[in-house]
Structures are given as C-alpha cells and as structure tokens.
Amino acid sequence: MTSINPSSRLSKIRFITMFIAMCIVIGPVSACSGKSAETTPFVPATTVPVTTATPTETVIPVTEPIETEPAATTSSSTGFLLNPFTGIADMDPENAGMRSVAIVVNNHIASIPQRGLHKADVIYEYETEGGQTRLLALFADVSSVPEIGSIRSARVVSSHLAAGTNSLFIHFGSNARVPSELKQYGIQDIDGNAMCASSGHSVKGDITLPSNLFFYRDDNWKSKRAIEHTAVTNGKLLLGAIEYKGFDMNGETPVLFHFVESPSPSLANGQTCTDLNIFFSLTNKDSNFIYDKEIAMYGKYQYNGKAQIDELTQEMIYVKNVFVLFARIEPHGDSTIDAYLNEGGAGFYVSEGKLIEITWKKDTPNNLIEVFDKEGNPVEVNVGKSYINIVRRSRSTQTTWE
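With this note's numbering applied, the sequence shown covers -13 to 388.
Keep in mind that the hints are not guaranteed to be accurate.
To be verified - No farther apart than 20 Å at their CA atoms in a straight line, the calculated lysine-lysine pairs in the PhoX-like style are these: (1) K222 to K190; (2) K271 to K292; (3) K222 to K105; (4) K231 to K169; (5) K279 to K340; (6) K169 to K190; (7) K210 to K231; (8) K105 to K190.
To be verified - Computed Cβ-Cβ distance ranges for the label pairs, DEER-style: (9) T258 to G362: 20 to 28 Å; (10) F66 to E229: 22 to 30 Å; (11) R314 to I281: 34 to 42 Å; (12) D192 to R163: 34 to 42 Å; (13) A183 to E388: 42 to 50 Å; (14) K231 to D272: 37 to 45 Å; (15) G362 to D205: 47 to 55 Å; (16) A162 to K279: 41 to 49 Å; (17) G319 to G172: 23 to 31 Å; (18) K279 to P196: 46 to 54 Å; (19) Q300 to D261: 17 to 25 Å; (20) D272 to H318: 22 to 30 Å; (21) I95 to G172: 34 to 42 Å.
The set of hints was computed from the structure by calculation and includes no laboratory data.
Just so you know, these numbers come straight off a predicted model, no measurement behind them.
Glycine included, every Cβ here is placed at the ideal spot set by N, Cα and C.
Given only the sequences and the hints, what does the whole structure look like? Please build it.
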C-alpha cells in the first residue's frame, strides 16, 4: 500500500527535485495523538432516520511541527509527479519544487454557478459574516488553474488556511484585519482588486488584457449579477501577475494528508454515510454530499438541494474525501468572525460511503491541519480530491448523515 506522509513545517525548498527519481514510497511519520470525541445521539424532526454526533470540546496537545522530507515522487507508469494535495500521480514534472496557489471563491447564492472548481485539488468551505460561506480553492500547479471565479475578498480564516500549505494567496480585496495577518505570518498574496480590468470576455478560457492587469470583470456575468460577483482570472494570468509582482514560486508544497490507496484502513469500522448534510448557519444550512457508488465519490449539493455545478463543464463537483472540522467560531466585534483554528477540535472524515470520528489540530497559521483517529493515529486518507468544511462547533449537532 503506497502512502505519503504529511508535512507540518516548511522544509528544504529544492529537496524535491533532488529525490524525484528515487523516492517512490515515503514511510510513515509519527504524530502526536489527539483525544477522541464523545458522541450523543441526535434525531431531528424528520421521517428519515439520521445519525449525528455532538463532539465535546477536545484539548489536543501542542507539539513541535513534524519534520518530514518533501514527497514529490514520480509514477513509473505515468511519468507524472504525485500531487501533494491529492496523492494522485497527475502533476506535471515541471512543477516539481514549486509552491501552490489558494484562491478565494464566492459561494453566495447570487454568484452560482462558479467557474473552475472542478479542477481544484482541494476546496475549503468556511463561514464569513452573516453566516454566508465562502470557498478557498487550492491548486498544486498554478499553470493548471482554469478560468476561475467569481473571486472574492479575503478573511483572516482564509489567509490562515492558505498559509498552512505555503500557498500564494489569491483574493479580491480583503477585510481590514487581513493585511496585518499577512505581514505577521509571512503570507504572500495577490490582491486582484488592484490589477483588474473593468470588463472582459474570454474565448475558450483565454483572454488578453491591458498591460499589468491580470483579473477582469466578466461581461456576461456583469449583465446578470451584482458587480461583486463578477471577478475572474486564470492560470496564465496568474503567472503573469506572479512575474509582475516578482514573487519566487520555488518552494515546498507540503503533502496535505497521510494518503493511501483505497480502501483506507482508517475507515474499516466506519459508520455508513451515503448522505451527509452540513449545517453551517441559517444562511447555509444544507451543504449536502451524496455518495455515488458507481464512481465512489461524493457529489456536492447546496441551496435547497441544487447540484453545485461548474459553469465551465456544466457538471457537478465531485470529491473523494469530505472532512467536517468543528471549530470555535465567535463574533469579532466588527461584523466579522474569528475562527480559532489553533485550538483544534473534533470532526468527521467521510469517504467511500463510510464515516469516522476524528480530532484535528492546526497549531499556528503556518501549520498544516493534521487529522487523527479515535486512537490518536494519523488518519489514512484515500487518494483523491478533498472538500474540507470548517464548521461552527456550536452547530455540531445539526450536521447529520445516513
């Protein structure tokens, strides 16, 4: 069984290329254990039996980040690199030793369908003010980013999520508290609001913009949506913006999880989960993942059961892995909220029709999120794309599954 170990701290930048031809399998790395969550049955008023859990506040020991070597290896059968965000050998070898990008994407009901999410390696969904959720789409290879949007403004929580993978943080404006966070934690970012054309229309995803502009307001969307739901870019434009800003993209992209080939041993005794409903808030109360046994993946639905479609393909968003991470989320006092990711907590890991309880930790903004089973062992995650939901801990009993 092939496995890839997570890295919690940035290490040697060019180590990847030195070992690209010789490191095919990277052995396990131990991690500190976390306590398992207690559960309480919960049955909402519905005719369909469902199961929920009420994870208690979990105190996870704080340890030094785990030292691991980068794990960019080639597959002898494909010649491609193992993607550190998915564990799949599908990444261009030219991307060895390069940093990833994390792009803030709109999820307001007035902004759907989005573009480009079908190509994201990882998607985070998190709460912002008013209970509205927003997305952070991660791409291990910036050149693979398709036309993507609509791009929205940064929040502290999204900057911290981007920092954990050493990703270049792409957004369109920001909350007033974000710049100080970027400076404090050394997070490089590109604010599209400062380099955006007022209009534009791509042809098959390609567009030419005036000099020093790398984002644009899509003409088609402008005719149908409010202006804040129209900002777009793509990988080619982002590469231009990176060059214009003088950013160095050489650097380690850490392996996101302890990946294994399916089936994951961690799920051997898991509960059945073919329909997972995540309650973020009254605004986003039905973030729904339904299992498709034919392809062994979960399709994403939201907003009263509507399939979450990528406008580029007209197809639903599918992922292999779903994580629900319960966190303490509190009002900040300026209409925004704070997500205390450094406290960690309890949650669930869902894949291939099974669910297990987990604990998780992220000691600092620059650390990866680490996930552990009830015995405190690192969760073995099936190779594939992941959708990670950061959910208010006080709403934990309203997440249901069957």
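Which hint numbers does the structure go against, in order from smallest to largest? 6 and 7
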